[in-house]
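J.: Those sequence lines, one after another, are chains C and Y.
Going left to right, the first sequence walks through residues 1 to 239 as this note's numbering numbers them.
Going left to right, the second sequence walks through residues 1 to 239 as this note's numbering numbers them.
No wet-lab data here; the hints were simulated from the structure.
Treat the hints loosely; a few may be bogus.
Identical copies look the same in the list; a pair holds intra-copy or inter-copy alike.
To be verified - When the alpha-carbon atoms are kept at most 35 angstroms apart in a straight line, the in silico DSBU-like pairs for lysine-lysine are as follows: (1) K156 <-> K40; (2) K40 <-> K108; (3) K156 <-> K108; (4) K229 <-> K40; (5) K40 <-> K57; (6) K108 <-> K229; (7) K57 <-> K156; (8) K57 <-> K108; (9) K57 <-> K229.
Protein chains: 2
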Amino acid sequence: MPNPTAAMLVIGDEILSGRTRDANMHYLAGQLTERGIDLKEVRVVGDEAQEITDATKALSARYDHVFTSGGIGPTHDDITADCIAAAFDTPIGIRDDARALLADFYEKSGRELNDARLRMARIPDGAALIDNPVSVAPGFSLENVHVMAGVPSVFKAMVASVLPSLTGGAPLLSETLRVARGEGDIAGPLAEVATQFSDLSFGSYPFQQDGVYGANLVVRGTDSTRLAKAIDALAETFS
Amino acid sequence: MPNPTAAMLVIGDEILSGRTRDANMHYLAGQLTERGIDLKEVRVVGDEAQEITDATKALSARYDHVFTSGGIGPTHDDITADCIAAAFDTPIGIRDDARALLADFYEKSGRELNDARLRMARIPDGAALIDNPVSVAPGFSLENVHVMAGVPSVFKAMVASVLPSLTGGAPLLSETLRVARGEGDIAGPLAEVATQFSDLSFGSYPFQQDGVYGANLVVRGTDSTRLAKAIDALAETFS
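Extracted from the complex, chain C is given alone in its bound form (with noise of 0.2 angstroms):
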């Protein structure tokens, strides 16, 4: 049976703009990795409720599931829940369960739960909350979008929370071999060798170091006897 499929929406004006260097996305690859859920597609978009919406149908109709981050705390630019509830056609209001979370949590910490932070309780109707231990304020899964906050330490926490709950593939393996010859000389045999064990892939990644041309080959797949014999092909291809 292949992997479930997934797909990450990034949020946020921010990284348009370059002033914040994205690092949710290459978190979540790596986990989705080990959980062996294939991340086909990501997209970055602006803080734009069209642009949010349309993503997130396009990429729900198409994939497995799709993780978002970003926009949803409790300022004016973040629109993304009302956004995915747009996308699935689906009411949205401050839901008492999550109205409650917020409420035990600012009063312990003496701060006032405002109209700003509750809206951070406003959750569409359906959603299943994701617990987020650093915050408090939760994301939500509606269908299969999973929806969670752009600060990577509560996206981090969030992701903790919603991964177990999904169903997951064989975990991607992958093995590395470094050969010191530029790559030009490495494709020809390389691509002998992917075409022999066509059930994995194979990629380069050209380095230059000391004056030194060279490159990293990877070989991804699930099984780990198959990529032990394509790294020894790989070897005795390039000894």
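Given chain C's structure and the hints, the job is docking chain Y onto it.
T.: Just chain Y, lined up with the frame of chain C:
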């Protein structure tokens, strides 16, 4: 006149598997912002021909410019040039000027210009070459799509080659005010100031440091006088 718009297409299995953390998106975002070209969307896809071609078509039709990174080396998984040609229904083959660049480079470095390396001279008909001062193998611009390498040092050099030829708009400026209050306390008054300055965009980026909640409020726009006024208004609001 509104600024030109742009999208980026990042190509490579190694990004989606989590092996490599992409660096080119953040770099390009900053460069485009300085040049007054608005980056509106980024997509990341794997080394799959249909995905690359489809994404190129979709982004090229929608934005003034598309910048791609990755997949133009000598190995079997470097299929970007062919996919771009396919997206525009344009023939592709080894081009004399690109071959001459490579022949000269490899002759000087005492390495062979073999079939694999010659693949890097495959350029779609009618494309303009993008200079690569790092490793010579050129990128190219076809229609409104600018095709560049994935290796960050080469990507940067190619961006420097191609950006001066593009018409920019007013550079997007930004000013930041750091406020040591929880974002939930900031949100209401921030939205009011944002309404007064509807020609600017306002973002709020929370942080937590030494137990103190705060947010960096970022105002973006092209008019430095308006930016200064907005920052004054925010400073007064949160004084």
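J.: Determine for every hint whether it applies to the structure shown.
T.: Here's how the hints hold up against the structure:
Taking identical chains as interchangeable, the C-alpha atoms of K156 and K40 lie at most 35 angstroms apart whether they share a chain (20 angstroms) or sit on different chains (26 angstroms). For the homomeric pair K40 and K108, neither the shortest alpha-carbon distance inside one copy (42 angstroms) nor that between copies (41 angstroms) is at most 35 angstroms. Taking the shortest alpha-carbon separations for K156 and K108, only the intra-copy value of 24 angstroms comes in at or below 35 angstroms, while the best inter-copy value is 49 angstroms. In this assembly of identical chains, the alpha carbons of K229 and K40 lie at most 35 angstroms apart only when taken from the same copy (26 angstroms versus 44 angstroms across copies).
In this homomeric assembly, K40 and K57 come within 35 angstroms of each other (Cα to Cα) both inside a single copy, at 16 angstroms, and across copies, at 18 angstroms. Taking CA atoms no more than 35 angstroms apart as the test, K108 paired with K229 passes in neither setting, with 58 angstroms inside one copy and 38 angstroms between copies. In this assembly of identical chains, the alpha carbons of K57 and K156 lie at most 35 angstroms apart whether taken from the same copy (24 angstroms) or from different copies (34 angstroms). Within a single copy, K57 and K108 get their C-alpha atoms no closer than 39 angstroms, and across copies no closer than 53 angstroms, so neither meets the 35 angstroms cut-off.
Within a single copy, K57 and K229 get their C-alpha atoms no closer than 42 angstroms, and across copies no closer than 39 angstroms, so neither meets the 35 angstroms cut-off.
In this structure, the hints that do not hold are numbers 2, 6, 8, 9, in rising order.
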